[in-house]
Every structure is written in C-alpha cells, then in structure tokens.
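J.: Spelled out, the chains give:
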Amino acid sequence: MSKANITRRRLLATATGTAAMTGGLVTWSGPWKHNRVWAADRPIKIGITSDASGQYANSGASDRRGMMMAIAEANARGGVLGRRIETVHIDTETTPATGSRVAERMISREECGFLVGAVSSGVANAISQVAQKYGVIYLNTNSSSPTESGENCHRVKFVWDGNGANFAQAAIKNAVESIGGRFMLLTNDYVWGHDTARATRGLLDTYGGEVLDEILVPQGTRDFSAALIKIQQAGPDVVAAAVGGDDQKALRQQVAQLGLGAKPAWINNQQDWPDIYGLPIDNLFGVFGTTWYYKLDLPGVADFVQRYQAMYPDTRMRVPGNVFYNGYMATSTLLDAIERAGTTNNIAVIRALEGHVMPAAQRMQHHDAVIDPDTHQVQQTVYLATANQAPSEEDDVFKILAQSAPEDVRDQNASKGCKLESYEDTPTFDA
Amino acid sequence: MLDLLPHIINGLTLGLLFALIALGFTLIVGVMEVINLAHGSLFALGAYLALSTIGADWFADTGFGTWWLGLSLEIRYALALVAGPILAGLAGMALEVCLRPTYGKAPLYGLLLTFGAALVIEELIRLGWGTGEQSMPVPQMINGAFWMAGLIFSKYKVFAAGFAILVILAIWLFLEKTPYGAIIKAGSHDSEMIRALGHDLGRLRLLVFGLGAAMAGLAGVIMAPIWGLRPHVGIDVVIPAFLIIVVGGVGSFWGAVIAALLVGLSVGISGAYAPAWSMMSMYLLLIAVVGFRARGLLGRKTALEA
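Sequences listed follow chains E and D, in order. Residues in the first sequence are numbered consecutively from 1, following the numbering used here. Residues in the second sequence are numbered consecutively from 1, following the numbering used here.
The list that follows gives simulated cross-link-like pairs (lysine to aspartate or glutamate, DMTMM-like), each with its CA atoms no further than 25 Å apart: (1) E/Lys263 with D/Asp3; (2) D/Lys155 with E/Asp282; (3) E/Lys399 with E/Asp297; (4) E/Lys133 with E/Glu354; (5) E/Lys295 with E/Asp314.
These aren't lab readings, by the way, just hints derived from the structure by calculation.
Sequences are here, hints too, so could you generate the full structure?
T.: Take a look at the structure:
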C-alpha cells in the first residue's frame with residue numbers, strides 16, 4: 001500500500017489533469033464515434049485528397065480547382081444547412097500509401113467529415129479503404145478504373161468519372177466495324193490500365209475482334225520507342241492505348257514525331273484535358289473518350305466557362321476540362337445531397353446520393369445521369385472525340401464525334417463485382 | 001535476329017541520350033565529390049530557357065522580339081541550343097557559390113543543399129512557365145520520320161543521338177587536350193595538390209559545376225522534344241544519371257558512357273520483349289554489375305583519367 005500522502009493540491013491537480021485528458025479525448029475523437037453531433041454553427045469540413053505532385057499533379061490541380069469553385073459558390077449562397085464549408089488539402093502524391101496516410105490524418109486529426117478527390121485509381125482505392133473504416137463519405141472524382149465501382153466499391157465511396165469499360169464500350173464496337181478487328185493493347189502497368197485492357201478484351205470477344213499482343217508499359221516510362229517499333233512490326237489495325245498522365249504525354253510526343261498517329265488507328269481510352277492542354281494539335285491523334293467538353297452546345301456550358309474564368313483569371317488553362325468538371329460536379333452534388341438530406345449524418349447523405357438522378361441540364365450533358373445505387377458509379381453520357389482540325393479558337397482542340405447514352409455504355413461487370421457494405425456495418429456519425 | 005536489330009539500334013540511341021544526361025552529373029561527382037540532386041532541375045531549367053528563347057517569351061512585344069520571331073525556326077533552335085545550357089550553367093555556378101560553406105563538412109550538407117535547390121528551381125519553373133505540359137518546336141529538317149528496313153525511325157532521335165556523340169567527343173577532347181581539362185582531371189585526383197601548385201581551387205570548382213550544370217541544361221534541351229516538358233520532368237533524370245555513374249564507376253568518363261549504353265540497351269530490348277520489366281531492367285543491371293564489381297565497370301580509374 002502506498003504511503004504517499006494525498007494532499008488537497010495533488011488531488012486538485014490530478015482531477016484537473018484527468019478532466020483535461022478526458023475532454024481532449026472527447027474533442028479529438030474522430031467521426032467514427034457513433035452519433036456525435038457537432039454544433040450547428042460549426043463549419044462542415046471537407047478534406048481535399050488531390051495529387052499535387054507525381055504523375056497526376058497537373059490533373060490533381062485541375063480537380064482541386066473544380067472542387068474549390070463548387071465550395072466557393074456554396075459558401076457565397078450562405079453555406080449548406082446554414083453552415084460554412086471549410087477545406088483542408090494534403091498532397092496525395094499520386095501514391096497509394098500516401099493516400100492512406102492522408103485519409104487517416106484528415107479523418108482522425110483534421111476531423112474532416114467528407115473526403116473528395118482522386119485521379120489515380122490506386123490512390124482512390126487506398127483512400128476509400130480508410131474512409132470506409134470510419135464511415136466517411138468519399139468522392140472519387142476522376143479515377144477511371146472499372147474496379148473502383150466493381151470489386152473495390154464501398155458504401156461510402158461514389159465514383160464520378162466514366163470508367164475504362166464505359167469508354168471502351170463507346171469506342172470498340174465502332175472501331176471493329178469501321179477500321180478492323182486486329183488490335184494491339186498498349187497498357188499502363190497498374191490497376192486502371194489492367195482493368196481497362198480487360199474490358200477491351202471482353203468487348204473484342206463480343207464484337208469479333210482479336211488481340212494480337214498486349215504491351216505493358218510501367219508507370220514512369222519516358223521512352224516508347226521499343227513499344228512503337230513492336231507495334232510497327234505487328235501491323236495491327238487499331239492500337240487501344242490505356243496510358244495516362246505524364247507517360248501519355250511522352251507517348252504522344254513520340255507518336256507525333258514518328259507520324260504514326262494516323263496509321264494504325266489509335267483509341268486512347270480517355271483523354272483528360274490537363275494532359276493535352278497547350279500541346280500542338282498533331283499531338284492529339286486518334287479517337288478518345290471524354291465526359292465533357294467546354295464547347296458542348298448545351299445550355300449552361302458558356303456560363304460555366306465564364307464562372308471558371310472569373311474565378312481563375314490567372315490560370316494558364318483558360319477553359320475548364322473534364323477533370324475540373326468532375327471535381328466541380330462531384331462536390332456540388334455532395335453539398336446538394338447534404339441540403340436535401342437536411343443533415344450531415346453520413347448514412348442519410350449516402351441515401352440521398354444513392355439513385356439520385358441529375359437532369360441533363362444540370363449536368364450540362366446530353367442525357368440525364370444517375371448515381372447507380374448498386375455500384376455508386378455515376379452513369380452518364382460518354383463522348384467520343386478526335387482532334388479538331390478546324391478550331392473556332394485556340395483552345396477548341398476537340399471535335400466531338402459521337403455521344404452515347406448512359407445505358408448504352410454501362411459497365412455490366414461492375415455490378416457483378418461490387419459488394420457494398422451494409423448500412424449497419426458502416427460507422428455512422430454527424431459531420 | 002532481323003526483328004531484334006531495330007531494338008538494338010533503338011537501345012544504343014537511347015543509351016547515347018542517357019550518356020548525355022549522366023556526363024554532367026559524373027563530372028561534378030568526380031571532381032567535387034558532391035552528389036548534385038539539382039541535376040534534374042537544371043536539366044528542366046535548361047529546356048525551359050531554350051523554349052523561351054525559341055518563342056521569345058519575355059520580349060515578344062518589343063521590336064527586337066518581332067525581329068527575333070522573324071528568324072527561321074532553325075536559327076532560333078540553334079541559338080536556343082546554346083542559350084539554354086549557358087543559362088543553366090550560370091544557375092549552376094550560383095548554386096556552387098551557395099555550396100561553398102558545405103565544403104569540408106559531412107556530405108549530407110551538400111546533399112541537402114542541392115536537394116533544396118532542386119525544389120526551389122522546380123518551383124521557380126512553375127511560377128515562370130506554369131504547371132502545364134509544354135512542347136518544344138523543332139526545325140522541320142529534323143522533325144518527322146524516315147523509313148529503314150521497313151520500319152519508321154524518328155529523325156529527331158537520330159539527330160539527338162548524333163548530337164550526343166559530338167558532345168561526348170567534345171567533352172573528352174576538352175578534358176584530354178586542353179590545360180583546363182588537365183587541371184580538372186588533376187583536381188579529381190587530389191584537389192589539395194592543385195591548390196599547392198598554385199591553381200585557384202575555388203575557380204576550378206566553379207568552372208566544373210558550371211560545366212556540369214550546362215551539360216544538364218543541354219541534355220534538357222535535347223530531350224524535351226522526346227520526353228515533353230513539365231516542371232517536374234527533371235525527376236526522371238536523377239535516378240538514371242545516378243545509376244549510370246554507379247554502374248560505370250564513380251568519376252569515370254568512359255565508364256559512364258559505357259554504362260549509359262548498357263542501360264539504353266537493357267531498357268530498349270526489355271521494352272520490346274518484356275516491357276513490364278523495362279524500367280526494372282536498369283536496376284537489375286546495377287545489381288548484376290555492382291554484385292560482381294563493387295566499384296563499377298571502370299571504377300578503378302578515378303575521374304576522367306581515361
């Protein structure tokens with residue numbers, strides 16, 4: 001038994017310390033704590049998980065600008081549920097391990113109630129695993145691997161971009177019929193590339209094409225000569241490329257230099273606007289997919305472009321592209337869902353998002369879009385485009401060739417692979 | 001074999017370009033024993049400065065700018081090929097002045113300083129030229145493709161490889177046949193002896209660092225039309241450059257050239273037959289060489305004494 005005397009001073013000090021620690025723990029407790037309610041005047045805090053370095057740094061910046069414009073507009077309207085929106089941004093470095101760390105920190109230390117942003121599917125998958133653990137809603141704005149809404153889907157994750165399977169659906173059938181069925185695949189050696197190539201193979205089986213060979217290109221490849229020589233030796237009708245980010249930029253330079261852009265025909269699964277902006281038109285070869293273009297002849301598009309230019313007058317990218325668009329649309333739809341739910345309770349907001357139909361006019365696309373309740377992927381219009389040889393202005397480099405309705409390009413395999421966690425298994429909290 | 005031949009040619013071409021990238025790096029390591037982590041950023045800086053020289057970015061609105069833009073692309077490109085490396089070399093000299101307090105101290109200080117310089121230069125590039133992708137125009141005569149043995153080859157790549165051979169030979173002649181080269185080589189053996197013989201060691205270091213940085217800038221100008229141009233393009237440079245000087249033997253001129261050719265061949269051939277391993281192949285080469293010969297291929301001969 002201790003012989004230490006308990007003095008009044010020590011008792012008070014111990015009690016004060018214990019109270020402070022308990023208070024600290026309560027304050028520090030992250031959003032995983034069930035049924036915690038924040039004060040109504042407390043800001044809603046959104047964690048921006050976009051890349052500021054690495055392969056997708058440039059696209060990450062565009063993604064972030066889209067989110068920030070949506071948030072600025074919401075705050076200008078008086079916030080959401082009367083609460084101001086605040087943001088925290090930490091660079092996810094186009095690295096999955098960093099994505100996990102950033103998500104963990106944003107939730108447990110920064111007390112972010114929502115996470116938004118991704119370009120790399122590997123990073124998005126890493127973030128979403130952490131987000132699901134805490135029940136924090138996560139918007140994957142711009143990554144395009146089919147697994148994001150397939151086997152890697154989560155109850156808290158919503159996927160906003162068209163995926164590799166959607167774009168392949170839009171392009172492959174047309175290419176087999178009009179150009180020929182002998183394909184070569186040029187594939188970035190990571191999850192998005194693999195999944196996109198798998199989707200292309202499946203479609204080729206369906207439409208009677210064949211794969212002569214697949215060339216896997218490691219991320220970080222800067223010299224594509226070996227691959228291009230091999231393509232020449234094989235002489236395919238079509239090269240279906242799933243190469244992204246800086247790798248794609250180097251590939252484009254080298255294909256343009258060789259004058260190989262016209263023959264064989266190229267299908268570049270998706271063309272992100274930041275990857276091509278400012279490059280000469282001969283770098284933009286082949287046919288590619290996109291979800292939005294700033295010259296779409298639809299109501300609201302011109303106004304959207306003007307708002308972008310007013311908010312970012314000094315940005316080198318003078319007009320918004322698909323990456324910005326996805327960042328904006330995802331964030332504004334999330335804020336709208338909170339408003340519709342009338343609460344920041346995560347489960348209520350998830351329910352408000354699931355199955356939500358977004359009218360074409362609001363989306364500035366040709367067809368209504370819907371958030372698939374089974375996979376959480378936004379089913380939307382997909383456009384096929386090529387280089388615009390007769391641009392109306394300097395930035396008008398895309399020529400839209402065709403548009404496909406969401407049901408025509410649906411990724412049929414996603415719902416087979418996706419098993420969303422139940423609501424009961426998802427931690428609940430009020431952000 | 002006929003199928004393999006284009007890949008061997010491609011690998012050798014790539015190797016020559018790698019040699020161009022690594023030579024400035026090995027020069028600085030050999031003479032100054034400083035691992036210049038800003039080599040990649042100086043590579044990018046040289047390319048961006050050349051781009052601005054071609055496009056008259058900063059003086060296009062002046063009368064001189066109008067006259068300048070009236071010159072043919074061939075002339076502007078040739079002048080950019082000189083201006084970019086010179087300006088990168090001056091930036092390198094400024095960096096060397098900053099490095100002086102670290103001489104004689106633990107190597108970590110120099111490493112940290114050049115790392116910091118790399119970040120600063122990259123950020124300055126972002127501020128000056130923006131974050132997006134840019135494309136460097138090249139004269140029509142070296143643009144496009146030509147056919148050989150039924151395959152298309154890039155004219156520019158052949159030009160770049162030929163240019164790399166000329167630069168390698170010029171640097172070798174400079175080091176072997178000029179008094180400055182002799183002092184630099186001697187400095188790589190024993191810098192204190194150079195000082196004892198009455199040569200200005202500070203000026204020697206300034207010259208070597210400036211030359212190494214100018215070579216980084218020159219490599220940047222040459223590689224920009226192949227790799228594209230973005231602020232962080234220099235990241236792609238440091239690792240192959242470092243790997244090449246380790247495989248070749250630290251400080252060895254011809255060791256670096258041979259190692260660069262081997263790296264080019266391994267990347268080029270694996271890129272054709274096992275493309276998923278093309279990046280890994282250079283690391284496997286490093287393991288294979290250093291596993292058998294820790295000093296690298298020509299590591300016994302110290303810097304530039306070939």
